[in-house]
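Trainee: Could you put together the complete structure from these sequences and hints?
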Amino acid sequence: LVKLASGRAITVFFYDGPVSRAVAFERLLSSGVGFANRLASIFNDQRSWPQLAHIATDGETYGHHHRHGDMALAYALHYIEETGLAKLTNYAAYLQRYRPTYEVQIIERTSWSCAHGVGRWSTDCGCSTGSNPGWNQAWRAPLRAALDWLRDTIAPRFEGYARRLLHDPWAARDDYISVILDRSPENVAAFIGRHSRGRLDDHQRIAVLKLMELQRHLMLMYTSCGWFFDDLSGIETIQVMMYAGRAIQLAHELFGEEIEGEFLNRLAQARSNLPSRGNGRDLYERHVRPAMVDLRKVGAHYAMTALFNGVGEHEQIYAYTVEREDYHLLLAGKSRLALGRIRIISNITGESTRLSFGVLHLGDHNISGGVREYQNEQIYQQLIEELSELFLRADIPGVIRMVDRNFGQEQYSLKLLFGDEQRQILNRILTSSLAEAEAAYRQIYENHAPLMRFLASMGMPVPREFQIAAEFAINTELRRLFETEPLDFDRINSLLREAQRSGVTLDAEGLSYALARTIRNISENFYQNPEDRALLTQLDAAVGLARNLPFEVDVWHTQNVYYKLLQTVYPQMEADTRAGFADAYAWIRLFRSLGTKLRFRLPAGEP
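Here the sequence shown stands for residues 1 to 607, numbered as in our numbering.
Keep in mind the hints are simulated off the structure, nothing from the lab. Even glycine gets a Cβ: it sits at the ideal position worked out from N, Cα and C. Warning: the hint list may mix true and false statements.
Stated by the list, open to error - Label-pair restraints from in silico Cβ distances:
hint	residue 1	residue 2	range
1	Gly63	Ile177	24 to 34 Å
2	Gln382	Trp556	50 to 60 Å
3	Arg157	Val118	24 to 34 Å
4	Gly63	Thr11	27 to 37 Å
5	Pro100	Ser131	35 to 45 Å
As the list claims (entries may be wrong) - Lysine-lysine pairs mimicking DSS-like chemistry, simulated, CA-CA at most 27 Å apart:
hint	residue 1	residue 2
6	Lys87	Lys564
7	Lys334	Lys297
8	Lys415	Lys334
9	Lys415	Lys297
Mentor: Next comes the structure, spelled out in structure tokens:
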């Protein structure tokens, strides 16, 4: 029992450190039975008081850090219940039966992962992951000092602005969690109603939400993992800087002050252990600034993706809604010109703007365009007419000059696109280029495959040029076959034999991913149609193929599907088999064959 200064109390439980550590770092999850027995070993028959065996581990341990860890956990719980090894419970149920018998006091400024108190989050205390001997964490102190300066610089400005709109800015900040959990218009309106000094207009309402988001990001920038790992350049620490960058962006929009420069001066005192990555300022400029988003950038993203994916009247782009008001797409060979007018709304703050845009794609990655504030219909229509006329006359230099003249500094390229869409569009652009390369490599391979096989049979080295062509052609064709349903097993096996004869190295990662996705799709279809024997036959053959490949294919999802069907459909099919139905008998045989390939321990019985 811990008695608090407020007069209230909390109950704390002390977890078993050695077993927790064994789960995280000593591969205890390699066996469900071993895991269960190790948990039970926490109990001591020599103790005369009630005992609770429990551990504290990260959720991602079970499957992410340790593959199939979720299955080990599930089996351990099953084993404990089935064998009566112990009784499963939770803290509330335990406390209902057994009240605390000891009183403890929490030592302030201590933590489970730092022997120096909380130094791991502010100093070069010596605590790290240990994976990079010789590195230091001297970057922690200047990083925290820079963030503290940013927080303290913004605080009085926040309070001064917010007090004009809200009764108690800090109480509103604390209550803002209710909005984060439910951003429905009704809930946002209720939040503003609880805290505003009076009726707010749209501009003031947006300002309140920006003020709250500013404070949210000032808290997010202290996220624990930003200091936990070994170097300033880690993704966790970069993310902390991104939160700070968003706070700076909002502060500039709200207060009109430039504070980024001084923040970067302070951030520059934090240095990476890797000289090539520089200091905090360098990392901010390299990673944070390009990732900053505003309404114009969202508009440019929409305009460029529309060239490839088409456009709807309403599009959701992450935390933004885009409403299409006008759109024109002109085509001429490989060249495309998109022109239009849109309205963009932030789903977080409600801020909105109207933009006009023009985007020119000349093929491959050659894409450029711009956005600008919509002024009026006359100017907009004149721009559309002039750009369209130039494009249809094939005056591409004229189009480029006019885009430059009308959009000025607000021009963008593919580098602007948000990550997922950027990869998607670049993959589409690459497809045609790769098709040409694939055809060339395939021709080289097919023309010289007999010679390659002969050289291999003689034990002579195959020229590297031929080897590259063979690897590209065979892996590309296998990937295509693995992604195509129904799977062409004859062609796949023929190519696998050819790869073996020619000494071709298979692209294990790419091929494994492609086949795993297809097997997952087949298993999903089978789950929806469990009596479809053709699907079951196909799934059985696909898993059989996966098991015979010289690399591992993840069939975890299919194992889960199989288990569900084993509990639900299999008993009925067994009953139908006993009743003499031939179709059920054939289904059972196939299903058990699949179970063997999925490494299930099946109940004994026919067939």
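Trainee: Any hints this thing doesn't respect? Which numbers, in order?
Mentor: Hint check: nothing fails, all pass.
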